[in-house]
Amino acid sequence: AARELLSLSENLARKSVWIIGGDGWAYDIGFGGLDHVLASGQDVNILVLDTEVYSNTGGQTSKATPRGAVAKFSAGGKPTAKKDLARIAMNYEHVYVAHVAYGAKDVQTLRAFLDAESWHGPSLIIAYSPCIAHGVDLANNHRQQQLAVDSGHWPLLRYDPRQAEAGKNPLHLDSKPPSIPYREFAMSEARFSMLARSSPEAAKHLLDQAQAEVSERYHRYEQLAELAWTFEDEWAEQASDDKPRDQQASDEGETA
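So the sequence shown is numbered by this note's numbering: it starts at 5 and just counts up by one.
Because the hints were derived from the structure by calculation, they are not lab data.
Be aware that one or more of the hints could be misleading.
[To be verified] Computed cross-link-like contacts, DSS-like style, restricted to lysine-lysine with a CA-CA straight-line distance of at most 25 Å:
1) Lys208 - Lys172
2) Lys87 - Lys180
3) Lys87 - Lys67
4) Lys87 - Lys208
5) Lys76 - Lys180
6) Lys180 - Lys109
7) Lys87 - Lys76
8) Lys67 - Lys172
[To be verified] Per label pair, the in silico range of CB-to-CB distance:
9) Gln227 - Ala17: 18 to 26 Å
10) Leu231 - Ile24: 26 to 34 Å
11) Phe77 - Ile23: 24 to 32 Å
12) Arg115 - Gln46: 16 to 24 Å
13) Gly139 - Ser183: 19 to 27 Å
14) Arg224 - Val41: 38 to 46 Å
15) Ile23 - Glu205: 36 to 44 Å
16) Glu230 - Ile184: 19 to 27 Å
17) Ile184 - Ser13: 32 to 40 Å
18) Glu205 - Glu121: 30 to 38 Å
19) Glu220 - His176: 26 to 34 Å
20) Gly25 - Lys76: 34 to 42 Å
Where is the CB? At the ideal position from N, CA and C, for every residue including glycine.
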């Protein structure tokens with residue numbers, strides 16, 4: 005019976021499997037499970053709603069919390085940088101990865117979801133998600149997303165393994181280089197501005213570091229996106245050149 009059903013599998017509707025979770029799960033306490041799913045190569049889609057804190061348990065710091073932000077367990081501003089989950093996932097090379105912010109670029113967000121759905125392998129979409137814990141008026145949701153993108157805090161990107169299979173660079177940057185100071189974005193949210201009021205020197209130090217980080221991160225992604233992709237025949241040619249002379253002569257004799 006199972007064999008008969010398998011013979012009809014091409015006529016059955018393809019299942020769309022989506023796993024949805026927050027950053028506390030994806031970056032932190034559930035990262036091991038997330039990594040296992042990505043490594044498995046299975047056709048499953050993962051959407052991470054990144055609020056940059058543990059939103060459903062009271063706003064505690066997670067590994068997604070950016071440097072300088074005030075949250076529970078980081079009352080003096082988080083002293084370390086945000087974990088770059090997208091870059092970690094790209095290292096597998098068979099995972100479709102996207103950074104999206106629908107309030108900043110809705111078409112890019114839609115394209116990422118369509119790409120992820122059509123990719124027959126694991127996909128990871130990380131969506132910037134303004135939260136009440138940020139200390140913002142959520143009526144300005146779209147504005148905050150735009151500021152996050154414009155400041156370089158949230159670069160928009162898509163990594164599509166199909167491009168690599170076609171001999172093209174799989175990474176595409178969908179946002180421009182940072183066009184406003186990081187501080188302009190940060191001071192629009194109470195999670196950063198409260199530290200500037202209570203401890204100006206500490207806030208300045210952390211935000212200066214954050215500014216350097218976002219600039220460096222965008223530059224790094226920009227370099228990766230501009231790399232010329234090497235074709236397999238070029239690798240084969242290089243491997244042939246690296247062979248000892250006697251081995252090359254033997255190979256040539258066999259083909260003669």
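Results of checking the hints against the structure:
1. With a C-alpha separation of about 41 Å, the suggested pairing of Lys208 with Lys172 is violated against the 25 Å cut-off.
2. Taking the CA atoms of Lys87 and Lys180, the gap is about 21 Å. The hint holds against a cut of 25 Å.
3. At most 25 Å may separate the alpha-carbon atoms for a hinted pair to count; Lys87 and Lys67 meet this at roughly 6 Å.
4. Among the hinted pairs, Lys87 with Lys208 is consistent with the structure: their alpha-carbon atoms are about 21 Å apart, no more than 25 Å.
5. Among the hinted pairs, Lys76 with Lys180 is inconsistent with the structure: their alpha-carbon atoms are about 33 Å apart, more than 25 Å.
6. In summary, the hint linking Lys180 to Lys109 is supported, as the alpha carbons are separated by about 12 Å, within the 25 Å threshold.
7. The hinted pair formed by Lys87 and Lys76 meets the criterion: a straight-line CA distance of about 18 Å does not exceed 25 Å.
8. A C-alpha spacing of about 32 Å is found between Lys67 and Lys172, which places the hinted pair above 25 Å, so the restraint is violated.
9. Checking the proposed 18 to 26 Å range against Gln227 and Ala17 shows it is violated: the Cβ atoms sit about 42 Å from each other.
10. Separated by about 32 Å at the C-beta atoms, Leu231 and Ile24 satisfy the suggested range of 26 to 34 Å.
11. Distance hint for Phe77 and Ile23: a CB-CB separation of about 27 Å, consistent with the stated range 24 to 32 Å.
12. For the pair Arg115 and Gln46, the supplied restraint of 16 to 24 Å holds, since their beta-carbon distance comes to about 23 Å.
13. Checked against the hint of 19 to 27 Å, the pair Gly139 and Ser183 passes, with Cβ atoms roughly 23 Å apart.
14. Range check, Arg224 to Val41: about 26 Å between beta-carbon atoms, so the 38 to 46 Å window is missed.
15. Evaluation of the 36 to 44 Å hint for Ile23 and Glu205 yields a pass: the beta carbon distance comes to about 43 Å.
16. A beta carbon spacing of about 23 Å between Glu230 and Ile184 agrees with the range 19 to 27 Å that was offered as a hint.
17. Our hint of 32 to 40 Å for Ile184 and Ser13 is violated, since their Cβ atoms are close to 52 Å apart.
18. Judged by the Cβ atoms, the range 30 to 38 Å given for Glu205 and Glu121 is violated: they are separated by roughly 48 Å.
19. Checked against the given bound of 26 to 34 Å, the beta carbons of Glu220 and His176, roughly 20 Å apart, lie outside it.
20. One distance hint, 34 to 42 Å for the beta-carbon pair Gly25 and Lys76, is violated here, with the actual separation near 20 Å.
Hints 1, 5, 8, 9, 14, 17, 18, 19 and 20, counting from the list given before, are not met by this structure.
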